[in-house]
Structure formats: C-alpha cells, structure tokens
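Okay, here's what each chain looks like letter by letter:
There are 2 protein chains.
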Amino acid sequence: MTVTAPDRSIILFGAPGSRAKIDTPALVLDLDAFEHNVALMAETCRRAGIGLRPHAKTHKCSTIAKRQIAAGALGIGCATIDEAEVMVAAGLPGVLITSPLVTAGKIARLARLVEAGGDVMVVADHPANVAALDQAIGATGRTLRVLVDLDLGHHRTGVGTVADGVRLAREIASWKALRFAGVQAYAGHLQHIADHAERLARTRAADALVADLVAELKAEDLAPAIVTGAGTGTHRINAAGSPFTELQAGSYIVMDAEYGGIEYAPGESWPFRPALSVAVAVTSANVPGSVTTDGGTKAFALNGPRPRVASGPLAGAAYEFSGDEHGRVSLPEGTATPALGTVLECTVPHCDPTIAHFDAIHCVRGDRLVDVWPVDARGRRAPLPPG
Amino acid sequence: MTVTAPDRSIILFGAPGSRAKIDTPALVLDLDAFEHNVALMAETCRRAGIGLRPHAKTHKCSTIAKRQIAAGALGIGCATIDEAEVMVAAGLPGVLITSPLVTAGKIARLARLVEAGGDVMVVADHPANVAALDQAIGATGRTLRVLVDLDLGHHRTGVGTVADGVRLAREIASWKALRFAGVQAYAGHLQHIADHAERLARTRAADALVADLVAELKAEDLAPAIVTGAGTGTHRINAAGSPFTELQAGSYIVMDAEYGGIEYAPGESWPFRPALSVAVAVTSANVPGSVTTDGGTKAFALNGPRPRVASGPLAGAAYEFSGDEHGRVSLPEGTATPALGTVLECTVPHCDPTIAHFDAIHCVRGDRLVDVWPVDARGRRAPLPPG
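Protein chains in written order, with UniProt numbering: chain A, 1 to 387; chain B, 1 to 387.
Warning: the hint list may mix true and false statements.
Distance condition first, Cα-Cα at most 30 Å in a straight line; then the derived BS3-like pairs of lysine-lysine [what the hints assert, rightly or not]:
| # | chain 1 | residue 1 | chain 2 | residue 2 |
| --- | --- | --- | --- | --- |
| 1 | A | 218 | A | 176 |
| 2 | B | 21 | A | 176 |
| 3 | A | 21 | B | 21 |
According to the in silico footprint, chain B covers these stretches of chain A (three or more CB under 8 Å from chain B) [unchecked claim]:
| # | stretch |
| --- | --- |
| 4 | 12-26 |
| 5 | 125-136 |
| 6 | 156-167 |
| 7 | 243-250 |
| 8 | 279-286 |
| 9 | 323-329 |
| 10 | 353-365 |
No wet-lab data here; the hints were simulated from the structure.
Glycine is no exception: its CB is placed at the ideal position from the N, C-alpha and C atoms.
Required output: the full structure, derived from the provided sequences and hints.
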C-alpha cells in the first residue's frame, strides 16, 4: 500500500492565504525553518569531520530522507523493517536498521530486501539473532553488514559489556553471509537531560565505554568501519570529539516542545528552529471563555509538553485535550472568540509520535501551502510477499 | 488511498499456531469475544426497544461496521468526515457525523457525499454552521438531515440550553436544503464514572435535560425523529428508560483496560469481554530481570491504564514504555527469560486511539489467525476531488 494521491489540499497549492485553508487536523511544516535545520546539521557535521545518518523514525517520510541525503547525509536510520522497506524502495542509500530484528517474519523481510539489492544494514545484540540472520541471508546468496549494538545504560537494546561486544563482533565475523560492519551505541536516556553540564558529563562517560569497545575491537583485528550513535540532544557534544564516525540525530529537522526546556550549551540557545505544528480548526464556540477544536489525542502525541497555540491572537494559549477527537483552548482574557472554522496552529509535544499520527505533511512558505509530502513509511505499507 | 492488500500475515491464515506468528507490533482481535460483544449489545437494545447506531470512531473499520449492521444496528456514528467518506463508500447506511463540520473544506466534502446519494446526517450547534450547510447542500439539489447537538455538561460541543436547542431546531427547519432530524446529546464526561450510583444519578440528571428539550420541541411541532446519545459506560442506564431513541456506544465491541476499573452495575460484572490486545515481540534480553519488546508509544495509546501482558508465563506483568518504538517488561520472580522473538499479547489502554495507531486488525480464533481487516477509515483515505 503506497500513498499515491497526496491530499486534497493540493488544489490550494501556491495560493495566497492557502496555509489557513489546510484541512484540519493537519501537520504543517514550515519549509524555510526545515531547510535551515537540514542545512545546519549537515554543515555542523561537515565542519566536525563526522558523518551524518539521520534517523527516519522521526519523519517516516522518504521525501525528507532524500532532502537529507541531498544535503550530504551518508544514509538513513530506520527503527523498523517497515520503514526500511519504504526507504529502500524509494532508492535511499545506507539504510541502517537501528533495532534488532528477531522474529522469523521480520528476518525474512530483511532477507528479501538484501536479495533485491537494497543497501541495508542491521544491528544485533545477541548470538542467537546473529545465527538466524546468517541462515536467512545465506539462502539469498548475498551478504549482510551487521553492527554490534552496545547498551550505554538505557537498558533497552544492546550488549551490556565491552567483552560481550567483542564476543558478538567475533561471532558476526565468523558467519559466512555476515560482515562485521561496526558499532552502534545510542544513548536515548541522555538526549533530554536539561542541564548541559550533566548532559556533557554523562555523554563523555558513555563515550568512554564506546571508545573502550572500539579499542578492544581494533586489538582483535576487528576495527569497526562505522561507529554510530547520538541524537539531537547530544549531537554537539558527540560531534566535538568522540569515538563516533557518524551521528544518528533525527528530531533536529523539526524540533519539538520537549527541546524547549533543554539547555543547548552554556549561554547559547538552540540553533535549530521549530518547523512543525499541528493545525486544528475551531469547531464549537458555545462555552464562554473557551473554544473546542478538531484535534484530540489522535492528532497529538501525549508524551511531551502540552501543546500551545503557536501564533495569532490566541498565541500562547494552552491546549486541553477533550477526548480522542477534540481539544479545548481557553481564551486569554480580552481575546475575542474566534469564528467557527478558524485555524489554529499548535506546538508539537513530541515530534516522532505526533508525525506518526498523520498520513501527510503539509509544507508551507509564509502564508502559502506549497507542497504535500506523504508520510509513506507510516504503518505497514510494503506489498505482500509472493505466495 | 485504500487498503487493498490486507497484510502479509495472510499467508498464515488458518494454520495451527499462526496466532503466535503474527508480525509485531499488531492489533489482535479475538473473534469469539468480539462476536459475543456485538450480539450482546444488539440483543440488549432489541429487548429494551431502543435503536443502536454504534460509533465507528472506536474501530475505523468498515468490516466491523458491516458486522454491527448485520446484527441489527440501524446505522453508524462517525467522528470525522474522513470516517464518513469511508463508511459511505463501503455502502454503510445511516451514517451520522457526531461532531459539527464547520470548515469550508469539510462542508464541501459533506456536500459531495450527499450529492453522491450517501445516507448521511450531521449534527450542528450553531446558526452560522447551519446557514453554511444549507448553502453547500442547496447547490447539490439534495437535502440533508441535521440534528441539534445538545451539551450535557461536557462543554465540548452542543448548544448549552434547551432554549438554544429549540431556536437552532427552528433555524434548521427554516432552511430549504436542510431537514430537522432530531437531537444528539452525548455525555462523554459520564461514561467512565467508576461508581455506579454516581453514574446513574448524573446520567438521569442529563436525561432530564434531554427530555426537556424533546418536550419543548414537540410543543413547537418539531418532534425529533431521532434522539441519539450514550456510550458504553452509560448504555445500560440509558437503555432502561430514557428520552433516547437510540444508543451510540462504541467501545463495547472490544472493551479496554479503562472499563476494568468501572462498576458495571451493583453486584454485576461487565458482560462484554475484552476482545482486543496488542501483540509485541521480545527483541532484546540482555538485562537481567527484564526484556525489551517492539511496541512503544507508537503502538499503544497513552491515555489509559498501563498495558499488561494478558496471557502466558508473563501474564500480569506490567508494560513500561521505553520510547516510541520499544517497551520493557519486568519478569515476575521465578519466570524464565523468554526467547528472542517470543510474542506477548498485552491489554489495550484505551481502545479508540490504540486502534488508530494500526493499519490492520488481526482476527484470531483460538491459536489461529483467521482473517485480517483493514482499519480503512484511519487517516485520510478519500480520493482527491475532481479538479
């Protein structure tokens, strides 16, 4: 299943004022801010002499992935086999699946991607998984690059010690259909530490563990070609001297309200700009002091700061969820009740799961809707296998 | 965009043990429990002499809507124009859109549905909206049935007083292309009151307001043909004598963990069975005492009780979210660590937004996967309009 018809909003493309006519609820991407963010992260990595493999779990959108590659990224991170299938089908290079694929069904799908010539890699954290990968890939006559996933204290995936990491790398290298390609070490638990000094100290401690594993691997003649990790929250620290050869940041393309409460660096504010909002419309205005809108818990992620109205006469007003399909906005004192149908653009709580609620991203410049990009890696969109 | 290929799991249909091989994360529907629930609500309404127009916002699935109609439902509730477009296209009768449609784009889409002969109605709570509806429908040469939406204290949508309700009904009846069809009064804020006595008292108080409006309308020669409302939480109270001609319950088809904490009736437990779960797979098992799975905040709704493992050796173990793509399950003492790839079925926090995360519903009987139904009203799936 692929998104063929982008959206009926296409009829408004380029018309003055069309931004305010986008069918709600909708994701709205400010292209100027987005392009600034894409270019800035690419330039930051270039200057630091480090690679960038941005994570597609944020956007699930092959159009955005292509923009990132065009700006210099060396590949794309994917959280799921579904995302990887879409990115490979769209011709994206250097697709790294950043979570272990362990079920028979997912390993079979990975093997089909490899067999079709997809430029894809995967991480692993367990010898049983490595053996299963070799068996499936071996049957295709091709080879698969596999990275050792190292746990930096998040306790989500990864081997827990340097010794286990070396053992697993040796294991990978021992199989006929697999190639040991490097190390992944992603510190998800460090990305949102608000205090910069603490984030710096803990990131450096995590870096030391990664450096240990890299050194041990080199000593074993298993020098990792790729050392990948880091997110938007620690990218600057990791870019400024770390064992990493590349960064996996994702959120920087659009930012979200979560990063508003995090100290970028001493005396510096975030150079990435909030580029994404959720547009909702006023659908009821019978209760004095508030209006109801058409965006509820099916339009916003709940794991992040509460949305706020981003601009216009109600700017700053907080969003109160009023069920799965509705939201409520209290009117700031002295504000006139907006007319039914008024579109309010709201801040995004946590970007990844908010984007995953939508089929399309509405791209705007100024007051104009100029494009619609399908969130084509959302859900399960790969075709049925033969048979 | 329509779901044409259901799912690659189709290759397992009917095979013994295929339930445990469903590709994760996945929605799993126990057909025996689901069919019990559909039949029981239909029978409850029949016995009470009240109609049933179940709400499709719960399932967003035309296959389920057809099952409900086959069991005797007189129509289908829809929260959005997107849902209504899918249900009408699938041939469902009596589609009632239960939130006001106020933007120009949505009213135009509603007019297209009416023009195409769709059996569709909508609620309204404001004269300006009624005027806009008449203008759009008038241009089609058809008529549209419109219900007055009455606010029962939720303060989400609806007119706030009986007098406003009568005025709006008169307004609807005065337009050429509109027909006054009745009253909607949905008490979303009463559905989850845990204590039965309190839920009963507050529902009866709300009923009194509805009865007042109905009486006033009759006195004005505007007798409402339809009086619609109620949800799963208050259905029994509303069915046992109320001003309603029909119920709008939705959650009863699958139930969810939210209803676990709510007293059904004095001395009685819920007769509807939990029919839905989210299947996840163990993807990492390197941390003693816990395992990581492939279901995070993109697979479960967050506005409900935390998921638990529903069956098997880890039954009852609580789910801890570990990001958008991962969950963690602590192993009960004495439990062996499950093998990588082990599928765990988990309870559903809040059914509506959980279902809305998925493209497909995997239907099982016993240990077998027997069907896959597309969640075809998820997202925006209607074709582009001409031009």
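- Message: Please check whether the stretch 12-26 of chain A has three or more residues whose CB lies within less than 8 Å of a CB on chain B.
- Response: holds (count 3)
- Query: Has the stretch 323-329 of chain A got at least three residues whose CB is nearer than 8 Å to a CB belonging to chain B?
  - Reply: holds (count 5)
- Annotated coverage of the stretch 156-167 of chain A by chain B, confirmed only when three residues or more have a Cβ within 8 Å: holds (count 6)
- Message: Need the status of pair residue 218 of chain A, residue 176 of chain A: alpha-carbon distance at most 30 Å?
- Response: The hint holds at about 21 Å.
- Restraint status (C-alpha distance of residue 21 of chain A to residue 21 of chain B at most 30 Å): Not OK: residue 21 of chain A and residue 21 of chain B at ~45 Å, beyond 30 Å, violated.
- Task: Examine the stretch 125-136 of chain A for residues whose CB is less than 8 Å from any CB of chain B, and state whether their number is three or more.
- Result: With 4 residues in contact (Cβ-Cβ under 8 Å with chain B), the coverage given for the stretch 125-136 of chain A holds.
- Does residue 176 of chain A lie within 30 Å of residue 21 of chain B when you go C-alpha to C-alpha? OK: residue 21 of chain B and residue 176 of chain A at ~28 Å, within 30 Å.
- Query: Residue count check for the stretch 353-365 of chain A against chain B: does it reach three with CB-CB under 8 Å?
  - Reply: holds (count 6)
- Query: Holds or violated: the stretch 243-250 of chain A covered by chain B, criterion of 3 or more residues with Cβ-Cβ distance under 8 Å?
  - Reply: Result for this restraint: violated, n = 0.
- Go check the stretch 279-286 of chain A versus chain B for me, would you? Three or more residues, Cβ under 8 Å, otherwise it fails. holds (count 6)
Hint violations for this structure: numbers 3 and 7, all remaining hints satisfied.
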